[in-house]
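Colleague: With the hints as a guide, bring both chains together as one complex.
If you read the sequences in order, they're chains A and B.
Under my numbering, the first residue of the first sequence is numbered 1, with each subsequent residue one higher.
Under my numbering, the first residue of the second sequence is numbered 1001, with each subsequent residue one higher.
Among the hints, erroneous ones may be present.
[Claimed, not checked] Which stretches of chain B does chain A cover? Using the computed rule of at least three CB atoms under 8 Å from a CB of chain A, they are:
#	segment
1	1002-1008
2	1046-1055
3	1114-1125
Just so you know, the hints here were simulated from the structure itself, not pulled from any lab data.
We put the beta carbon where it would ideally sit given N, CA and C, even for glycine.
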Amino acid sequence: MIVRIMTEGQYELDGDQLESLKHADEELLVTVRNNDAEGFRSHLATALAVVRGGQPVHASVLKESELVLPAPDMTVREARRLFDEHQIL
Amino acid sequence: MGIMGRMSTIFKAKVSKALDQAEDPRETLDYSYQRQLEQLQQVRRGVADVVTSKKRIELQSAKLDDQIKSWEQDAKDALAQNREDLAREALTRKQAAQQQLDGLHSQLTDLEQEQTKLVELEKKLSLKVESFRTQKEVVKAKYSAAEAQVKIGEATGGLSEEMADVGMAMQRAQDKTESMQARASAIDELLSSGTLDDPISSGDHLKDELNKMKATSSVDDELAKLKAAVPAGGAAS
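Looking at chain B on its own, in the form it has when it is part of the complex (with noise of 0.2 Å):
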């Protein structure tokens, strides 16, 4: 068994689960049909909560950004007062958080990607819930319990089938929002503390450290350019 059929495995796995056996079909297919509703409207309440913690991180970037412009200011000042070091200081806090917010940047679009698909994958659902409904209808008017068996027997898997890929997909979703969460947050401490050196480590200690070499240098750098556009304190007065 290759790949395709073990992810099969796991789909069948969610959806006997899903499946309820009744002696006559018949007799339960107004109720199923009422579950999926049920289950269609957490869907569409999933995809909601993701719209809406999207658009929270959105606005939580934008008030970083502003922050960040608000150090490059800092280090100005500094400057102008012939504070070199606290310019130095300000600017590294910057460039880290920079780096952070870039790629929280890049979630971000991610997401974005991910949003449309969960719509998407909604409005599928939708019709096949209402596909269902019809189904429904034409068993309980032409089958025999026995006939019906089968025939809902194959609706209801098909059906739960594509409310796995819809919970899958949202569970995915939800992950990758928690965690731009927690990004957000460390940088937003690490702008207003300066305490976290390192809030998000790459996992590979070669590359957090080509990072911080690489900040450093950039930081040498603006700070150059600071000093060649900004008058020193004590030029000014």
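This is chain A alone, in the form it adopts within the complex (with noise of 0.2 Å):
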């Protein structure tokens, strides 16, 4: 599966990789909820690294993402103000 890191690029995932990004992923959506920027640096931290470990995906390559990790230096303020925009928190 191909997941986005916004502003880095695209990775291939397997299965374990993906298995292991889910917990990170729910906790992310947490602390979005709580307005709790400690805890949402802190687990997309270990979200990004389970992506940057999957296989590169090529520049060369056009295919869309499945799934799509926030900037490495996204906020917890900016998070909550583009779901809040998109009406999906």
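Modeller: Below is the structure:
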């Protein structure tokens, strides 16, 4: 499955990697809902490490991603604003 | 659905808007490619704009640095004339501006990193547009309309996702430069009129008070230092 890290690029992840990503992803959602800046940073770092462990997708490949991870320097405030704009929190 | 699924939904919304569904996609390939080139041009212009804005803010902050230094000279001059009240006023203004300027400097470092990232993203996008050009020739030569639909749908989706990513990064950089320009203007105003005693609040009342207190005590310190270094006017004449 292809996962994008915003402003960074796409990675191909296998089943095991996706499984370990799931937990961090759910935790991330909780931190956004609770406006927990510190928790957001630390779970984002965990998720980033898992995704970066995947196979980088070459720049010439044109494929859509199934999952998208926020940019490494996104703050919980920016994330909230983004989700509020699209009303999907 | 977690955060990543939600982010993907946001991207998909942008992508589907960008996707043109044609009867036979092979006929619209060249047009799609033209539009991608135009979008790429827009991205390049956007990146260039961010670079220009950043340079402008750097120049502005250098000018503010000079102005701050001149307030220090004013304080010295006032002390030489035995006008401690004026010297204190000049130093207060200087310190308030200095605090804001330090904030601006750290924002500039931040923007510098974003600019580097934008340039990289733009390069990657160019590669993808080039890759689309190659793929469209293959599709035109080898595929039936139905096969082309799938193949081109995927490629267009992948490309517009990349465009959406660059677009959002650019928006973020533009928002930041705007807020920095506002900050620079506020400092400028503070230095020239002194009327804005609290140009940019941190949003936290307690923190503002603490900052103000710190500023006052450092004004006292600086004034004491100047007094030690500058002979009073009476003695000099």
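Colleague: Kindly indicate which numbered hints from before are broken by the structure, ordering the numbers from low to high.
Modeller: 2
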